[in-house]
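Visitor: The residues making up each chain are set out below.
Number of protein chains: 6
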Amino acid sequence: MGVVVQNVLRADQSIVDRLAVCGVATVHEAQGRKGLLASYMRPIYPGTRIAASAVTISAPPGDNWMVHVAIEQLRDGDILLLAPTSPCEDGYFGDLLATSAMARGCRGLVIDAGVRDVADLTVMKFPVWSKAIFAQGTVKETLGSVNVPVVCAGALVNPGDVIVADDDGVCVVRREEAADVADKAEARVAAEVGKRKRLAAGELGLDIYDMRGRLTGKGLKYV
Amino acid sequence: MGVVVQNVLRADQSIVDRLAVCGVATVHEAQGRKGLLASYMRPIYPGTRIAASAVTISAPPGDNWMVHVAIEQLRDGDILLLAPTSPCEDGYFGDLLATSAMARGCRGLVIDAGVRDVADLTVMKFPVWSKAIFAQGTVKETLGSVNVPVVCAGALVNPGDVIVADDDGVCVVRREEAADVADKAEARVAAEVGKRKRLAAGELGLDIYDMRGRLTGKGLKYV
Amino acid sequence: MGVVVQNVLRADQSIVDRLAVCGVATVHEAQGRKGLLASYMRPIYPGTRIAASAVTISAPPGDNWMVHVAIEQLRDGDILLLAPTSPCEDGYFGDLLATSAMARGCRGLVIDAGVRDVADLTVMKFPVWSKAIFAQGTVKETLGSVNVPVVCAGALVNPGDVIVADDDGVCVVRREEAADVADKAEARVAAEVGKRKRLAAGELGLDIYDMRGRLTGKGLKYV
Amino acid sequence: MGVVVQNVLRADQSIVDRLAVCGVATVHEAQGRKGLLASYMRPIYPGTRIAASAVTISAPPGDNWMVHVAIEQLRDGDILLLAPTSPCEDGYFGDLLATSAMARGCRGLVIDAGVRDVADLTVMKFPVWSKAIFAQGTVKETLGSVNVPVVCAGALVNPGDVIVADDDGVCVVRREEAADVADKAEARVAAEVGKRKRLAAGELGLDIYDMRGRLTGKGLKYV
Amino acid sequence: MGVVVQNVLRADQSIVDRLAVCGVATVHEAQGRKGLLASYMRPIYPGTRIAASAVTISAPPGDNWMVHVAIEQLRDGDILLLAPTSPCEDGYFGDLLATSAMARGCRGLVIDAGVRDVADLTVMKFPVWSKAIFAQGTVKETLGSVNVPVVCAGALVNPGDVIVADDDGVCVVRREEAADVADKAEARVAAEVGKRKRLAAGELGLDIYDMRGRLTGKGLKYV
Amino acid sequence: MGVVVQNVLRADQSIVDRLAVCGVATVHEAQGRKGLLASYMRPIYPGTRIAASAVTISAPPGDNWMVHVAIEQLRDGDILLLAPTSPCEDGYFGDLLATSAMARGCRGLVIDAGVRDVADLTVMKFPVWSKAIFAQGTVKETLGSVNVPVVCAGALVNPGDVIVADDDGVCVVRREEAADVADKAEARVAAEVGKRKRLAAGELGLDIYDMRGRLTGKGLKYV
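These protein sequences, in sequence, are chains Z, E, U, L, C and R.
According to the working numbering, the residues represented by the first sequence are 719 to 941, in order.
According to the working numbering, the residues represented by the second sequence are 719 to 941, in order.
According to the working numbering, the residues represented by the third sequence are 719 to 941, in order.
According to the working numbering, the residues represented by the fourth sequence are 719 to 941, in order.
According to the working numbering, the residues represented by the fifth sequence are 719 to 941, in order.
According to the working numbering, the residues represented by the sixth sequence are 719 to 941, in order.
Heads up, a few of these hints could be off.
Any copy, or any two copies together, can satisfy a pair, since identical chains are not distinguished.
[Unchecked claim] For lysine to any residue, the following SDA-like pairs were computed, each having C-alpha atoms within a straight-line distance of at most 20 Å: (1) LYS752 x ARG736; (2) LYS858 x GLU790; (3) LYS858 x TYR940; (4) LYS858 x GLU921; (5) LYS858 x TYR927; (6) LYS752 x PRO867; (7) LYS915 x ILE926; (8) LYS752 x VAL869; (9) LYS843 x ALA919.
Just so you know, these hints were derived from the structure itself, not from any lab.
Given these sequences and hints, build the entire structure.
Guide: Below, the structure written as structure tokens:
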């Protein structure tokens, strides 16, 4: 506790942006079905799809002091990601902090705790994925750390990892794997175009994916 | 496990459509306050009210193979209803499966598990009532069954039963009782028109429903 | 149980309205970070910010009889607030009761249980903050009380206390403290204007709030 | 609602007792991995393993009137099984009701709600599997039904079905299948004796069940 | 926040002890089915039944400083009761604090948060009813208050109120009502003796409480 | 997925055993209040305190195939630790697997899912810390991995890390830090002896830890 790591490697911004286009479900599949944060992490308003490099925050329960420290570490294209050191739903973050973060180029917040001023944040178009919406205020008494590895909503996030977030939730991509995952995700998107057309035309997945033989082999019976 | 029942009786489509107009709360009351699925079953977007005949799916946790099998069993005016064999929030269903289901005339999905691609599903106007929104991918390894009775979110659903779903949640109506329930539900709707007018004019339920005597009899005291 | 208190003191309506303008998060801070209801109390639709005087209801689980009794006690500018005597998610309240309550000048409902007909309530612009959306019907068999102190979603609410509610949740302000809290909340709002401007211009909270020295004193290390 | 079915078929008591010996996990496997109640159903004290024929109760939330009605329907070797019509944790059952039930030969209680007087019930050796332990009292105002099919903790239970319960939870076996399931369960128990001996001697499941080839075929890599 | 109330009235110790004998379920019924804390408040070990006067603690999340302050306020026959100002499961209390509290005559702890060292506390016979068992450590940075009214697990508790706790959970009795409740609770206990004997002899509650007529009147049908 | 790492470094067994003596709460404090698994991880029976080196398992939901693979990797003094790739409560593990694991010197199981046969496991003295007790059976169809880093109940665990578990829950200690943490934990235990004696004699923590001045400085008021 009490450490701020200042020089964190980020993925190339163009790669980050390619991941944003693919979205959470596709990126998650493309990297081998890993990296999802828990399903309780929900956006405060629908319709946003972003990717950004994580500035991580490890914070004590009910204490948002480190958010101020973390904002100074933000670079254009980053996202704040906060994990409390024990479960907490307090509202660590509101419209003033969002104003400050946006001034530093921040693209949003992922927080395994609560957020408040959500009506203002919606108007400001500052997207947040959180465990709770809760006005409960916090104190500024105890140190945490910034840009250290954290477990957030069940997923390990290293500083500089790429966070992809949309209406399906939040997914983390290792910085080192981001380019490779972007390639694979775009390949999936491309492959889906043809399948979508065939499915829309009434062809069945049973036939497109050639499942009937294997189903029969496992013993499926039609009665 | 491993059974697909192919010829399932449905209620008459005109009856199904009458139930849709009445909505979940009224249908639930009309059939004697039964048939509701658990309150955690929520629509992925607001503003839809539908009714449809259930094609049921009993699926293993984290395995969506049977969804492909079930889609072949869909008829125009049906809804898919999936219950996992043990609790699971994985995302069994996304935009490709929805494309396929819509091509078969499917009106939506009720799933006691997770769904993904919800931004796409919203654009496609494919309504889903689910336990979770979660991008977690699934496998295709283990058989389940299609069109067998299932317990979904605490309610027993037989294949061919009518599912009514709107912003209040999901209700199941036995196929055999659908016509009778539709009659009773429409009668409730009609009866409410007059009451709504009187209440809007300032009359009290205490008087309209003649409750004062019974309240006093039970011992209610005004101080 | 079985008591209706009829003459309840309310805060001055002008004070109530000033609290509405400030919103939940600010009012909660202004009164010393107290009075919040639990974070599971969510609005049925976004975008409303209100304040109103509480007409409280203590009701048995699954029994909405007392809501009818409470509606008679409503005055213009009031809000209904219902706490069940044991945990319950049943739908105590729907569009007919809302019609009746609106006819009496009621501004909304706060209920530590379920609500139904939410599509209608949304159209009617009758705001509700609830624990659940659930169509489950209730009975009218057992007495409760109206305008007695209740614990609702973890907060003590006295009849006549001011309820402030918006997209962040629900906060209760003691009637006797309402004027003082309104003053303090407005002062906070005013103070935030300047800070927001400085933060938007890129100044850091670390500097505006002069935190660097204290952080160093606690041992924060930059690496 | 409001129906008491009096003449319910039970499985032969000797079959019921054979199922008790096998226990929940084995019986569940023997009947094809079905019939389990939700994992939140826990015994109030450890160390009991029973089987019995279900006398089912469908009861309103917070109303235990029907328990009295159900007790009259008990025969020696039965178990009470209560499902509320909407989720409820109230304490429907305590030591007086247990005294009455034991006098009728009742072997225990399965309740998807609360129980109280658990210290007394422990001394009396009256086993209960419940969702909660909660002293909250109930009323006697609204009818439910006795010996109708119910969904209890996610499982369909018909009156006369066999309930198997132990420290692993609760499983329901259809009355008509009880003899067959008992045969299969006993066969599993017998087969496990040899396996247990080999495993205890240090042989690996990988070898006993001949898994290595299939694992390699799926692509498992040792590094 | 930041207040310690020193001279708190307690109920007479003999009355407190009479309530202990009656237990939670009976006391709760005797005072009109009120005063229960939420069902998630569970004892760390079974078999204890106590009553004691509450020394209340309002504490910030993850900060146990006020426990030390509260211990000085303990008198022989008291119990500590802690409510965090926002939901928290951290382990505020362990064997050292219990040692200190026992030295002051403390009978136990009720905490709407976590406790740790439960193996030691079990050996020491220091009973605790808590929301969680969690080793998570706390800090000593922020003030709370001692002996102020708190809402604990959904129930309002004033300093000096009587807490009754056993395997069924926790109930609060207002200090001013303690004598009256003790009388009523003992009357209930006495009345149950005869009923228990009749029930054990096989008489039915349906007859003892003369329910058959009323059930028929409500429409109960035997088929 | 599909990887088994065979040669994993373990901490020295003597260090592991020293950590066991200190217990979860002390070890957690000694390493700076980190490493705890979530509070929902509970022992299936009370009274055990162990430490062991982790053989980690990443397994699909409802598929226990990898447990068999992992058992082959066990060495004397190890513990199995399983994290499903998406949330699951199925019973991955029972008495046969425990028999096999014990034959390999395994000290227990930590599983962020379900366990079954708990009555047998209790008799066998095979300790398990789990999220659920659930008889639900699993399949053997999909690969996972053994001895890879996993996030288990919110904590990152590397293969070979030391797991400390007792009635307070579960804590992970990095293998590389185990010796240092053991030193610090033992120092804490030693320091507590003197404090416990003084507290038992009636001295207050307020005085022993010299808190009064700082409390006054923060503004604490006695009234």
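Visitor: Hint by hint, say whether it matches the structure.
Guide: Do the hints match the structure? See the list:
no. : hint            : verdict
1   : LYS752 x ARG736 : within (18 Å within a copy, 36 Å between copies)
2   : LYS858 x GLU790 : within (16 Å within a copy, 28 Å between copies)
3   : LYS858 x TYR940 : between (64 Å within a copy, 18 Å between copies)
4   : LYS858 x GLU921 : between (59 Å within a copy, 19 Å between copies)
5   : LYS858 x TYR927 : between (56 Å within a copy, 11 Å between copies)
6   : LYS752 x PRO867 : both (17 Å within a copy, 13 Å between copies)
7   : LYS915 x ILE926 : within (11 Å within a copy, 48 Å between copies)
8   : LYS752 x VAL869 : both (14 Å within a copy, 11 Å between copies)
9   : LYS843 x ALA919 : between (38 Å within a copy, 18 Å between copies)
Every hint, counting from the list given before, is met by this structure.
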